[in-house]
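Colleague: Chains as they are written, first to last, in the working numbering: chain A, 1 to 390; chain B, 391 to 780; chain C, 781 to 1170; chain D, 1171 to 1560.
To be clear, the hints were calculated from the coordinates, so they are not data collected in a lab.
Virtual Cβ for every residue (Gly too), placed ideally from N, Cα, C.
Keep in mind that the hints are not guaranteed to be accurate.
To be verified - Computed spacing ranges between beta-carbons, pair by pair:
hint, chain 1, residue 1, chain 2, residue 2, range
1, A, 299, D, 1352, 26 to 36 Å
2, A, 71, D, 1352, 56 to 66 Å
3, B, 464, A, 285, 32 to 42 Å
4, A, 350, D, 1236, 29 to 39 Å
5, A, 285, D, 1469, 53 to 63 Å
6, A, 350, D, 1351, 25 to 35 Å
7, B, 450, D, 1355, 29 to 39 Å
8, D, 1304, A, 80, 22 to 32 Å
9, D, 1253, A, 351, 54 to 64 Å
10, A, 356, D, 1221, 28 to 38 Å
11, D, 1355, C, 1157, 16 to 26 Å
There are 4 protein chains.
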Amino acid sequence: MSTDQSPSDTGPIRLGMVGGGQGAFIGAVHRIAARLDGDFQLVAGALSSDPERARLSALDLGLSPERAYTSYEGMARVESRLKDGIEAVAIVTPNHMHFPAAKTFLEAGIHVICDKPLTATMDNAVALVDVAKASGKLFILTHNYTGYPMVRQARAMVAEGLIGRVRVIQAEYAQGWLATKVEDEGSKQAAWRVDPAKSGAGGCIGDIGTHAYNLAAFVTGLELEAVAADLTTFVEGRRLDDNVAILTRWSDGARGMLWASQVAVGNENALSLRVYGDKGGLEWRQEDPNQLWYTPLGAEKRLITRGGAGAGPAAARVTRTPFGHPEGYLEGFANIYQEAARAIRAARTGAAPGEEVIYPTVEDGLKGMRFIDASVRSSAAGGAWTAVER
Amino acid sequence: MSTDQSPSDTGPIRLGMVGGGQGAFIGAVHRIAARLDGDFQLVAGALSSDPERARLSALDLGLSPERAYTSYEGMARVESRLKDGIEAVAIVTPNHMHFPAAKTFLEAGIHVICDKPLTATMDNAVALVDVAKASGKLFILTHNYTGYPMVRQARAMVAEGLIGRVRVIQAEYAQGWLATKVEDEGSKQAAWRVDPAKSGAGGCIGDIGTHAYNLAAFVTGLELEAVAADLTTFVEGRRLDDNVAILTRWSDGARGMLWASQVAVGNENALSLRVYGDKGGLEWRQEDPNQLWYTPLGAEKRLITRGGAGAGPAAARVTRTPFGHPEGYLEGFANIYQEAARAIRAARTGAAPGEEVIYPTVEDGLKGMRFIDASVRSSAAGGAWTAVER
Amino acid sequence: MSTDQSPSDTGPIRLGMVGGGQGAFIGAVHRIAARLDGDFQLVAGALSSDPERARLSALDLGLSPERAYTSYEGMARVESRLKDGIEAVAIVTPNHMHFPAAKTFLEAGIHVICDKPLTATMDNAVALVDVAKASGKLFILTHNYTGYPMVRQARAMVAEGLIGRVRVIQAEYAQGWLATKVEDEGSKQAAWRVDPAKSGAGGCIGDIGTHAYNLAAFVTGLELEAVAADLTTFVEGRRLDDNVAILTRWSDGARGMLWASQVAVGNENALSLRVYGDKGGLEWRQEDPNQLWYTPLGAEKRLITRGGAGAGPAAARVTRTPFGHPEGYLEGFANIYQEAARAIRAARTGAAPGEEVIYPTVEDGLKGMRFIDASVRSSAAGGAWTAVER
Amino acid sequence: MSTDQSPSDTGPIRLGMVGGGQGAFIGAVHRIAARLDGDFQLVAGALSSDPERARLSALDLGLSPERAYTSYEGMARVESRLKDGIEAVAIVTPNHMHFPAAKTFLEAGIHVICDKPLTATMDNAVALVDVAKASGKLFILTHNYTGYPMVRQARAMVAEGLIGRVRVIQAEYAQGWLATKVEDEGSKQAAWRVDPAKSGAGGCIGDIGTHAYNLAAFVTGLELEAVAADLTTFVEGRRLDDNVAILTRWSDGARGMLWASQVAVGNENALSLRVYGDKGGLEWRQEDPNQLWYTPLGAEKRLITRGGAGAGPAAARVTRTPFGHPEGYLEGFANIYQEAARAIRAARTGAAPGEEVIYPTVEDGLKGMRFIDASVRSSAAGGAWTAVER
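So here's chain A without its partners, still in its complex pose (with noise of 0.2 Å):
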């Protein structure tokens, strides 16, 4: 178990924030990610486009006021001058700024810590891919979920081969509070979700649906070849689906399904993955995230904990307190910057990050991306099968 991860041999690492300011939810999901475990420090932000805003977010947040910006750009220019300027940079904004920042800061030699899903298009997709490459700075997607000791649990089982030959992979991402016109009766967080301009072509399915995927892919292993999607707009007058129903083919002949509904009523977060192999089985549920259920085939299931008698090394080096003493979102989150941290430290000294390191990359991203893409394709193709393109 790992308590306190920062060695911190060389203080924290200087953060920055695009986003994020008064009002928004994953800025201070961020922060908070960020500070748990004392490897990071907040330092500069440009967390509004709006400048009054902006200043009073960084207030807030205890930001020097020379070190809150108007602009990205802005932030970008001075930070990357200053002797001690920020290290890396947290991108919380909506997913169509997601490109133009990146790509502002990578360029600027700073490491990026971005929300997903990547982008809001295909093509800023596959150039920021080359940006980050051409920068030789980390990018870090947080697909925050895989996280999760349990989920690293998860896919260390599966990679041991514990449940033999995936055969069946059943992901879900269930909410509700999309299901009556929130957008419209002054919700922040609905409204840049459900508009194209900000969204891009997918509502549900890249606001959750990219999650499930990741999941999915994070803990079998396995490629994602084809979907046959049918996405769904119940709510009237919404622009983007907030419903998705899709049939999945993966490579080495896995099959599955993938449900994502912010229509759902009754679901919160209802993230879900149940992955059945010729030799076992595995399932785990988001809201009960210290808990994995095996059943090894011909055998009784199990409950392995966070933590517990069942758990190995995998979940341990991202577990913080003893078995029964729940671990959270926040936690899981926080592991993301945790692994970050781990990576950026290294890249401090020149020192390769260590095999071990774990976390989404900007290829993990663009494979989100064209999860996206196949899927609205094979939609708007009537559920034709449709490759994911590789």
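Chain A is already provided as a structure; the job is to place chains B, C and D on it using the hints.
Modeller: The following block gives chains B, C and D in isolation, referenced to the frame of chain A:
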């Protein structure tokens, strides 16, 4: 609550059985279901096509030797002429025998209670509907899961508009018992299920997929309009599908998914239904049948229990024990027999059975066959959206 | 798995019933339990002390009018002389009638199946043991919860030493239906339960506390040695306890707690048992009766399911349906009748019933009465540790 | 929802720590809790009584070498004179050090945040209350479980009368990690807990029983009046109790039971509380902390979730993430620090902290000690009802 269901002023209904000899599973279930409320008395049987096994099985069950038949044709011929001959017959054979047996008994003037799916082929299914209509006799299909009190409750709540207009229908039926080739290891239960000659064109989809479809149709009251299906056989050498992934489109604009699997290790008999409308959601799991979860839009999730505060008359009429005293599979199955008994008793007197008698009919069986047929065709056509015949 | 339990070479057992007329709950349960496996046939009844209600109830149940008795004494006298008179009687009256009725039938040479608790007074209980012994007839007490397959499984696992030496025994039986004074609002079920003249000295402790005690004793195989009890009446004007808190000491050094309540709003029929030894733990809940949780020391928790991989012969012998097809309260109750049938059939031939017949005996009933007695005395004495008579 | 809790116009609170060096569990928890919302900055420590370990631990945590003290006395003396000395100290030592350390810091004018139980002896507890009062400084006891949002919600619901007059209080805290003699196998965590010189007169009762008591008192708002206790040591050679069974009597006529165990194999950290009143019931489990079950009398059970429809302001004020994004143990613990920060910031300006600041006080700690004391005495006196000192 109805604890003693047999007014029985005219005695129990005389019942025969086709199939269900020693070693069979579902035959024994039918017998317990018939016996549980005291409405039926098993008096005759053609329990096996093997004469000696038929004789021994009848002996086990306490049948008179002279009413232990070696063929269903013989049983129909003789019993239809007896003064106290059987009034109804339970057909519990593999699928391919449903049609000839049912036809024989209906034409002999004997009511039929038949296991699902209706028949092994579409042609037989269509023909059987005609035979049943022409016969003037009752035909009850034992889609037993519709007998559960909380399934009745769910159906009533949807009908009352408590979840509003139905948007999303997620139906699942996951098992794991066919994850290996048990049909080669002496499992009689498995052997006929994976044999196209006995099961028909569908394996998993016919055996359990139809239950999931029927449950969804029963609860929502909607018609299935089209499917896009991916039927897979994972176990090498097996001739029928053992995993089924289907996108569904229903009347009134509802969309859904249906997953049925017999290779999902760790699942026992995990039939479940989740239905989401614009005013609420309902969730039910067969393995926890006494509970129904209901979330009204914008309110907390509620647990409606069989016999409890939130359960209404639709559940109460098929409830025997108070809340907290769990009823199970056999009681749910017996509820189909209970409804059948109501209908048969009414038919004895020539009266209409009363509008409230609820059981799956031959037409429901035909719809189930059309679901199988469309799914098999869709999958064969590479998953194209395929209309379900109406 | 045993699906058809009636070898029936000599026909079903002829059964009579005392109590259980229209409006009664437990009488109907006994009848279904007796009928479920086809082992018994109800042929006579003294169903009510009210002649007209007795007659109508018998008519409902399809009894011959001449075997619808208006007193149990009359029924015992007449039936014991009939060639085809009843072989066994089910006594399903309020507690105070158990003793005189049971005594009468035992002395008339008729086996007795009797509801719990054994009697309303200690004196009656002691006397009944003597009567039963002297009669040479069988006495089966329907502590029905011991009939559940997973309770049998738990008992077998403890006996096999799988949890080692038992240390801690936590037994609970929580209900909420008496949280208000329903006995004044026409609840017949409630009325006699809170009447000392009909129930005896214990209310909640006799009605459900004894079940919790009996379950703990059955599973652990230990003897209860002492109690420190706090019996409370929360509902004003009620004459018997409606909440029971007890510290328990068992043979072999085990300690425990027993809580029974009928005022715990939100609990339906929440009987549960948790047993912890020095090598493992077992947990079972009546409302989820098909599941048994087992944690071996130092290993993951395992879910043993009825009919599943971890269930052994003790469970299998009282199992009717495969895993995932839930059995419930009625099947558990029927298992007591099934065991009774085995014993009675053996008694028909004079053979010993076979060592494997398992049912709660008159001696178990006496122990239950001693548990009640000690608890009532302890509570009256301010909660002092009080030895349970041996 | 409050995501960024630190207005921080005057910067984070300077925090010191006593105990919590390398290998300690709870020290790391306190540090994360202090850091999570950005309200505190750890600047000094007397992390171990072993000088070298103190030095290395401080290095790990990034403390300045000159503020890495080798004794708490030294730290109090020096820091209290520094211009930027610590404003508060977290005491995370074994129990016997709580009193001398807390006294020293309070008398040096430094606020104290102290782990539970309050002290190792009653005398110390009584004395500490006086010291705290005299000092005019804040004393916050980290009964962290009262920080959970749904515990706050439960308390508010009881206070609002939603379950009516409280009748029954069932509190449990079950663990299994001390089922064997791990204190002899190198478990530092176990070793001091079972040592009377470090823990005090209570083992399990002081370590976790107090949490269960405190939780029940916090939620119900009632005073514990008397206990009848049975403290047992199951593991041979252990010097303190490892299983605790207590009957409880509370003010206003409520009754209850409290079970705490460290030998219940299969339990991880199973703290739970169930409270039943004459108008409803509430149930909460620490291992599923985001859920609160509420049953109004005569209605269906409802699931109130953190951030969800049924959660009110008492929960919202300590909630960081939306429904379905689970918060866990660390967030609950951080809520105590968050409240402490509110109080300390108010104290900076001399203002009252506002009536809404909620944290366990030194008086609550004294009550916890009286609970331990009465229980130990009751058990020693053979379980006699023993008044809890007031």
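Colleague: Hint compliance check: list the failing hint numbers for this structure, sorted ascending.
Modeller: When the structure is compared with the hints, numbers 3, 5, 6, 7, 8, 9 and 11 turn out to be violated.
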